[in-house]
Amino acid sequence: MGDCFGLYVHVPFCKSKCPYCDFYSVVDCGQSAGYLDDLEIEMQLCPRYPGAFDSLYVGGGTPSVLASRVLVRLLDKLRARFFADTPAENIEISLEINPSDVDDRLLDALQEARVNRLSLGVQSFDNDVLSRLGRRHDGRGAITGIEAIRKAGFASLGLDLMYNLPGSKPDAWRRTLEMALSHAPEHLSCYALTISPHTRFGRMQLDGRLAKPREDQCADEYMLACRLCADFGYDHYEVSNFARNRHHRSRHNQKYWQRIPSLGLGPAAHSFDGRRRFWNPANLQIYRNRIRESRYPRSGIESIDSDQARIETVALGLRTSRGVALDLLKTMSGFSEKLAKKLTQEGLADVDGDLWRPTERGMLVADGIAKLFL
Amino acid sequence: MNKRNFSIVAHIDHGKSTLADRMIQHSGLVDAREFRDQLLDDMDIERERGITIKSNTVTLPHTTPDGQKFELNLIDTPGHVDFTYEVSRALAACEGVLLLVDASQGVEAQTLAHLYSALEHDLVIIPVINKVDLPAADVDMVKEQIERDLGLDPEDALLCSAKTGQGVDAIFSAIVKRIPPPKGDAKAPLAALVFDACYDPFRGTVVSFRVFNGALRNKQTIRFMANRTKHIVEEVGVFRLKRQPTSALQAGDVGYLIAGIKTVSDVSIGDTITLEEQPAEKPWPGFKEVKPVVFSSIYPIANDDYPGLVDALERYKLNDASLVYQKDSSVALGQGFRCGFLGLLHLEIVQERLEREFNQSIIMTMPSVVYRFKLKDGQDIEVDNPSHYPDPLQIATSLEPYIKATILIPERYMGAVMQLCLERRGENSSFSYPTPGRIQVHFDMPLAEVVFDFYDKLKSVTQGYGSFDYELIGYRPSDLVKLDILVNSEPVDALATMVHKERARMRAVQICDRLKEEIPRQMFKIAIQGAVGAAIIARSTISPFRKDVTAKCYGGDITRKRKLLEKQKKGKKRMKMVGNVQIPQSAFVSVLKTDKE
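If you read the protein sequences in the order shown, they are chains G and Z.
The opening residue of the first sequence carries number 0 in numbering that gives the first Met the number 0; numbering runs sequentially from there.
The opening residue of the second sequence carries number 0 in numbering that gives the first Met the number 0; numbering runs sequentially from there.
Next comes chain Z alone, as it looks inside the complex (with noise of 0.2 Å):
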């Protein structure tokens, strides 16, 4: 059987999910009466945001006009930035890619990364330009794009249009054509790459990888080189659009296995599987640990929900290995966890999901990245927590993670990103004119500044143009404070930040802006104070009501009150107290957001 194996990269919502969705319907795998938009993306968050979150892969058969059988290997990559790894991971375990620029938008930034991704993988980049039926397509424009901004041969772009159909059957014949067969030596000790992982309730963990050399049965025991686990496989297969049990699979192929692996945490993307009687000589390269860069705690609205909690988060962690969490515990919002994440989407998907698909109410803390702080006593320490913050008489330096900022916009928004990157302690600038009209931007910036609402503001002030990639430079010393915030002078632990000298003042004023916005007026003054330190650095004030009673209550009107002071109890177990402040959850999640234009 000739075998192929790919997959497509784009920049996000440039149709990604649908050309799969297309290609799936062509290749006869679904009858259109079954087909259902979006078929890889099988979360109901990522069909509603249109992203795909976790990837799926799929065989799709081929026949050529001439006869020629084929098994194309669809592996589909995760489309966010956060997922940097997994993309990479996926894109080794192919031969070629098809990278995928929407008509109307052009090459983007994140075009550009996957195809430095793909380029590192040496594979074979077929650049097919999307939507192509939309009126405000420009075919020329973005050929000119991918042969200067991506240094590609824009004779080699093929033109689809995801949606209706059209030259997806020209996407097929290059796919065979131009990316070459799978290489490896089937009599080879066994080496496969995981490059996905994903829960079953009946099965356990199901994971996808690529064979690279040797061949794979039921019943061998495989070895996990780097997480050094065995395991017995319980079955091999392929993807349809479910799970095809084979005798075995070897070099070239992709595939699954089922091993009785009770969590997704027990297998790491990157990791090669061999044999335990024969295994390979050393493992795959390229793998690494995936650490959280993001942290933030969780917290149930209500306390007694917190078993609840629990319970969903562990259900929840089944099926995402990135997500690690620990208790956590807040003098005002009761028992939690703190989470870590890979990045603000992921962090944002998984606030969702838990919301969601596992019906808890929860409130985030601020999300915080990983600081490095060396104390006078020679200690190196790391803190993502800010109720971990150092003594600050005790700090020789600290150190905040960077990122280098790709940005990618249309040149007439450059003063606008150069004074939003400033804004955010961008520094080390570079820029290139790829193509007329359109900068490509550099920035080093610190995490911390991308971390909080960067993004919004991006594509703010672009009015959506701008788009935005990243990938983190190290640890540079920075000069850190940690931010209290207190209501009522009581410190609310849970609106702590940990922020850098010269921002702390702006934060504090908006923080204490917003929550002055989303506390309701109580029966006592509220003070709101942002204090470093002993200092007060912001204030505001939410005078107290004056009248808050009816004027008449009479035997028609008990009943009434009654029900209303029912209710309100009950919206009490959704607010917080600080003291004898009542904090609603909308303050907790008011600080978070983007600032109003």
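Bound-form chain G, shown alone (with noise of 0.2 Å):
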């Protein structure tokens, strides 16, 4: 992996918004015609990285809700714009896919571009469940999807997942964790559902029709997905993701964690170049009028000093598994011996010769742990 850049593109496109989700997308596919060609210009128009890439990650939005062809194109550009110096068997290309647009045609299309993990949407296996979070397919359909990938043979699969849903059936979730697993999964990612107040369930929790999550359940859900996932074996090596084995992690998602440059295109989304975070505008409308008149679409920009920098990776370090490297530790203002000594007393880290490691309690709090440091 070394220290390649990392290239995210962003599919603005949904057929129905779920009520949880607060990433940018508009729920027109109409608006999706066109959308490649906004693309290559903001390649063109982009900054240029210092070196190769090694990692692209198409996410959304729906990245499936797009054609084949038209992702097929859209991989192709990528491929020739950013990865001609990287030999192709050392590239990782993710793309996120809906459960209930997964067919033949599409997979075939993805195998030929290459794509060689996919991160399949499934949240629940809980018909239930899916509907209350406003999901176009079924337990069912989720299984099906798994299947299909299978037989198309991609070498590496990826299920999404949600627990702290509040007022769930006590079971729902082991009962979809068994599920997953049962699929022997190369990756799982288990997010906790979190309500953003711009989102669909945060005006229902503010208005009372949805309860608020529970610090206890989310808790325990969480320690019972790092229970399963550990008799499975699996490489707990983020808050939110496992991995069947250190070779599947997500190699894009590695970047960001640890503070590599990446690139992104389309509407929202962020780059960092090292010392600089940019961004472009959360609006379609916007990010077209900028890419038709041929100007970088960027909407923001930051600089990040050298305490900042010390700051995010700090915080990002102590949500892997990978940990934080003691000697930077202790130049945090917050940090003393007694603190690193009761924080592994308390079962929430360990130390492993010059790196400090959250468990996996640890990580639940990671936040927590950086503010103590600060």
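Just so you know, the hints here were simulated from the structure itself, not pulled from any lab data.
Certain hints may be false.
[As the list claims (entries may be wrong)] The list that follows gives simulated cross-link-like pairs (lysine to any residue, SDA-like), each with its CA atoms no further than 20 Å apart:
#1 Z:560 <-> G:333
#2 Z:524 <-> G:330
#3 Z:524 <-> G:312
#4 Z:560 <-> G:253
#5 Z:569 <-> G:373
#6 Z:403 <-> Z:424
#7 Z:566 <-> G:67
#8 Z:566 <-> G:330
#9 Z:562 <-> G:195
#10 Z:524 <-> G:257
#11 Z:373 <-> Z:388
#12 Z:551 <-> G:257
#13 Z:403 <-> Z:373
#14 Z:560 <-> G:260
#15 Z:568 <-> G:334
#16 Z:568 <-> G:312
#17 Z:551 <-> G:260
#18 G:211 <-> Z:519
[What the hints assert, rightly or not] Which chain G residues face chain Z? A few, computed with CB under 7 Å, are given here:
#19 213
#20 217
#21 234
#22 238
#23 263
#24 312
#25 334
#26 338
#27 367
Predicted model, so just to flag it, every value in this text is computed and none were measured.
We treat Cβ as the ideally placed atom computed from N, Cα and C, and that holds for glycine.
Put the two chains together into one complex, using the hints given.
Structure below.
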């Protein structure tokens, strides 16, 4: 993986808006016409990164709502523009896919386009949960999707699951996890439902139509995921991410956590060049207008000074099993040997050589630990 | 020139400042355009709270209908029980007072206290019923109270509305007719009474005084008899709305002097000014040294704000001689100051002014009174700071200051007030029924019980109808302990208090509960304990949080996360660390707050 850069492409279209999701997307998929052209222009306008890329992540939105030939052409263009110097077998290409969009033609096209990681938005196998989450598929559909992907021969399948749902049946999460694990996915992301005020769930919570998640439920369900995944030998390498083994970790996402530069294309995409973070407007129309005036659509930029970089390194490192270099941690103003010792005594972290690593319980309070060290 | 010296005294909120403003306006000293409500209260906080903290004096010109010209010196007085001594010195400078009573509220505890004070100084008392324009005004009831509670002739009472100006002219006439002109011998050696001092950044201390005998001119050398200091007078003058220099002041006059005096602390209220060359035989009676009765420590919230606090206190002190302070330090809160106040209101005023006018973010510790201990080795010591609490084994006797509380309430609140006073260790109660339906209650109570939220409690149990006044009556034996508060077994020195043994457990439970509410859950379990010596008498536990992490953190989330952390890092400056526990400022403040109902 070295220090090659990562490339992210945002596909801001969805067939329907899930009530919990606060990623930027528009529901009118008709607007996706011409999006490939927009991205092509942005590829020309975006800053040059001084080196090679070795990961591509197509996320959304719902990338799988694009026609398969559009996706194939997009991937070809990206490859030509960013990956010309990287041997094909060394490129990690991930794509998010919705279970209801899975069909053989799409899968064949993605195979042909050398997509080697599919991230399937399963969320749950429980029909009740799925309908509350506003998903287009049911439990059966999720399984069919998994089987089709397996049959198509993708080397790496990742499943996205969601827990911490207010009012869900006590067993629902366990059954979803067990079902997911029974398919032996190479990768598993388990996200605690987080309610953002700008979403439908956020508004429902404000009106009292949706109960607030309970911290104990959240922690119990997290620990259950840790336990079951451990039973199946999974590598819990980030708060919400498990890999069947280290090789199946998401190379692309690890770049974010290790502060390796990445470039984002499309509305709302964020970039980091090692010194600065910058981002595109979270609005398709504004993005398009700028692109069509041949202006790079950047809407915000910030320079990261060394103190800020340190805060990022610590905060991000504490989310991962890799942890943070002890030497760096010791430079934080909140650090004391006594505090570090207390955290290890409480079972929230371990010292491993020159690294300070959170335990699974520790990862669940990573933000709190970061705060202590500030 | 004909002169009259008078004050207005009233229970809080009965309209003293409004009447003063209206009189200033009626005297023609200021035109309507310039008129600003409550001219005399020139501090923001006074205008906001509607109370006078620092008194101002003003000379009102007045012409009677038959053409006689008068100068009426209105000596304003601070309107709170903490400043009783300052009030008494202002009254000593007068020949009469307007005793103002709110037409809807009637006579209150401070009305009585002011009456007694005025009688003590042998002043002519003009009862004035204010706010007669209010729909709730009940003039007959108030007249009855004036007769029965105050023992004054209700026929003498004037009716007015300071708000509308109704009846103000009659007040001017009454001042001229009923209050005698000042007496004094202008040829005798100078004797002038200091009743106020304030600080002018360009001129130094401006001393307000009343001349009883003799005369004072510029360039004379004066002596403060109690302070034994000498100064050369640079300027004497009278108070209009601004200072107006004159050539001399003589017996009967009220005015000011400037004499290169650096701070107000170099002058004592109640001191006598005389001339160095021809001194008065003896000082004017009534001087006493004012000692603080309530102590609390002030700490900056962020340790690096300490120099700012030093500077703020120095500047504050320029204008408030009654605040005393000395360095203090706390393991939990770092460097700060132990401050002495005249009372709880004084403490609150200092706190608010430091925060508002001097931009200080401060934490104040639990107020304490001054306890006395007789030690087994025969020593007598005074302790106002829990960190100086003597070794319990060495204590032979402990003593605490007592007050005589006067509470005036409508009869229906008798039960609630009795209960409150008994809870606060009140004893030797006595009652009188001056007017039907009203009770005057007296209790001897420990000052410590009043310092802590008593007044708020009284207001709440009497739905605002109870009024309260007190005077210190000396020390009585007590059974004291030091209550420590431990957070994860570490004592938080700033939360330690000295309390009566019987009150220790309740207080400890209260503090533990408050802290439990105010300290946010943290990474570790937090045990909060109240302890007397080695005995734990109260405890509460804050369970650690189990989840404190966002589920997703990808490219677009990092900026937001870092900004949040940066903000939290700043917020940490406002947190105090005790061991590994972050204690927010609000927690220190919460233990001082009154009980929730």
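Now for the hints, and whether the structure bears them out:
1. Z:560 <-> G:333: Cα-Cα ~18 Å, so holds.
2. Z:524 <-> G:330: violated, 26 Å
3. Z:524 <-> G:312: violated, 27 Å
4. Z:560 <-> G:253: holds, 17 Å
5. Z:569 <-> G:373: The hint holds at about 9 Å.
6. Z:403 <-> Z:424: holds, 12 Å
7. Z:566 <-> G:67: violated, 45 Å
8. Z:566 <-> G:330: holds, 19 Å
9. Z:562 <-> G:195: Holds, because 17 Å separates the two Cα atoms, which is no more than 20 Å.
10. Z:524 <-> G:257: Judged against 20 Å, a Cα distance of about 31 Å means the pair is violated.
11. Z:373 <-> Z:388: Status holds; Cα separation ~12 Å.
12. Z:551 <-> G:257: Holds. Residue 551 of chain Z to residue 257 of chain G sits at ~15 Å (cutoff 20 Å).
13. Z:403 <-> Z:373: violated, 24 Å
14. Z:560 <-> G:260: Holds - the C-alpha atoms of residue 260 of chain G and residue 560 of chain Z are around 17 Å apart, at most 20 Å.
15. Z:568 <-> G:334: Satisfied, since the Cα-Cα distance of roughly 13 Å is no more than 20 Å.
16. Z:568 <-> G:312: holds, 15 Å
17. Z:551 <-> G:260: holds, 19 Å
18. G:211 <-> Z:519: holds, 19 Å
19. 213: At about 10 Å, which exceeds the 7 Å cut-off, the nearest Cβ of chain Z leaves the hint on residue 213 of chain G violated.
20. 217: Holds, because the Cβ-Cβ distance from residue 217 of chain G to chain Z comes to roughly 5 Å (cut-off 7 Å).
21. 234: Hint violated; residue 234 of chain G Cβ to chain Z Cβ min 18 Å, cut 7 Å.
22. 238: At 5 Å from the nearest chain Z Cβ, residue 238 of chain G passes the 7 Å test, so the hint holds.
23. 263: Status holds, d = 6 Å.
24. 312: Violated. Min distance 10 Å.
25. 334: Violated - the Cβ of residue 334 of chain G stays beyond 7 Å from chain Z, reaching only about 12 Å at its closest.
26. 338: holds, 6 Å
27. 367: holds, 4 Å
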